[in-house]
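Start from the sequences, fold in the hints, and give me the full structure.
Counting in this note's numbering, the sequence shown runs from 7 upward without gaps.
Calculated directly from the structure, the hints in this document are not laboratory data.
Please note: incorrect hints may appear among the correct ones.
[Unchecked claim] The calculated DSBU-like cross-link candidates involving lysine-lysine, where the alpha carbons are at most 30 Å apart (straight line), are:
(1) K205 with K11
(2) K205 with K165
(3) K183 with K165
[Stated by the list, open to error] So the derived label-pair ranges between C-beta atoms look like this:
(4) Y263 with Q59: 31 to 39 Å
(5) S61 with S8: 23 to 31 Å
(6) P285 with Q43: 52 to 60 Å
(7) K205 with Q139: 52 to 60 Å
(8) S136 with E32: 22 to 30 Å
(9) H159 with K11: 47 to 55 Å
(10) D14 with S135: 15 to 23 Å
(11) K183 with G121: 35 to 43 Å
Values in this document were obtained by computation on a predicted structure and should not be read as measured data.
Don't be surprised by glycine CBs; every beta carbon is placed ideally from N, CA and C.
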Amino acid sequence: MSFLKDRDVMLVTMHQKEIVIKPLLEEQLGCRLHVNQFDTDQFGTFTREIGRQDSQLETARKKANMVIELSNLHVGIASEGTFGFHPLAPIPWNTELVLLKDYERNIELQGYYEGIDTNFNHTVVQNYSSALQFVNEVGFPDHHVILRPDDEHSSVILKNIADESSLQEAFTYCLNKSTNRQVFIETDMRAYANPTRMKNIEMATRKLIEQANSLCPKCETPGFRVVRKVPGRLCEQCHSPTKQIVRHIHACSTCHYQLTEYLDPDVYASPAYCDFCNP
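Dropping the structure here:
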């Protein structure tokens, strides 16, 4: 039985993330999820009017902590996303975190999902046809866009652009405001304005549910998870250790019990991954 069954929990969001989080948590964990549309923009905005001061994890924790301040409930849910580029290649990268904090049982669960499935992008254009070409490439109008005069540093920001009529109006306004006759356009990464991101939040929620159902073999606390991935799978050709993962270390954050999971120990790594055979 889920530790959340028949319990009331609260999601803190102002961008409609409950659309994907609420049905999954209620169905899979048996809780009753309430939504508080607290102004989470105070912790940072994607359009940079307010810079995020903390890490993704710490920001999610701050959001979840608001549940204690805003209600008499003891379980908080929060979501936080980051966008940037893959660490090894110049391609857009989205990392989503859905966090659960149970203040009664002192449990914290983290559901992460990351990948290249994102339309995160921006451009600078001088004419409307170029603007239209860009927005079509990023999934407009299902995915909203944001416009500014000149560049990304302009304090003039036009949001909630979700149809061609508002796009034309915003483009004309920004072009007239611009000092160098150009308009900065970027994808709107707020959850309700970006179906691709909303899907990634759903996937992070599923990861959170996996954590909730993963119990420590020793103390049965939820959240027994992989805390370290150990490289060292032997090369098929020279038998030297490679960087390929050979085992996972699972751990409980409550009783600190650890378990080592060996991943196909009899399988060798391809020489293509060996620093000696393929330097």
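Status of each hint after checking the structure:
1. Restraint check: the Cα-Cα separation between K205 and K11 comes to about 25 Å, which is no more than 30 Å; the hinted pair holds.
2. Between the alpha carbons of K205 and K165 the distance comes to roughly 21 Å, so the proposed pair stays at or under 30 Å and holds.
3. For the proposed pair K183 and K165, the alpha carbon gap of about 16 Å is at most 30 Å, so the pair holds.
4. For Y263 and Q59, the hinted distance range of 31 to 39 Å is satisfied, since their beta carbons lie about 35 Å from each other.
5. Under the hint 23 to 31 Å, the C-beta atoms of S61 and S8, about 29 Å apart, fit the expected range.
6. Against the hinted window of 52 to 60 Å, the Cβ-Cβ separation of P285 and Q43 comes to about 55 Å, which satisfies the hint.
7. Take K205 and Q139: their Cβ atoms lie about 25 Å apart, and the range 52 to 60 Å is violated.
8. A beta carbon spacing of about 45 Å between S136 and E32 contradicts the range 22 to 30 Å that was offered as a hint.
9. Judged by the Cβ atoms, the range 47 to 55 Å given for H159 and K11 holds: they are separated by roughly 50 Å.
10. A C-beta distance of roughly 52 Å is found between D14 and S135, which places it outside the suggested range of 15 to 23 Å.
11. Take K183 and G121: their Cβ atoms lie about 36 Å apart, and the range 35 to 43 Å holds.
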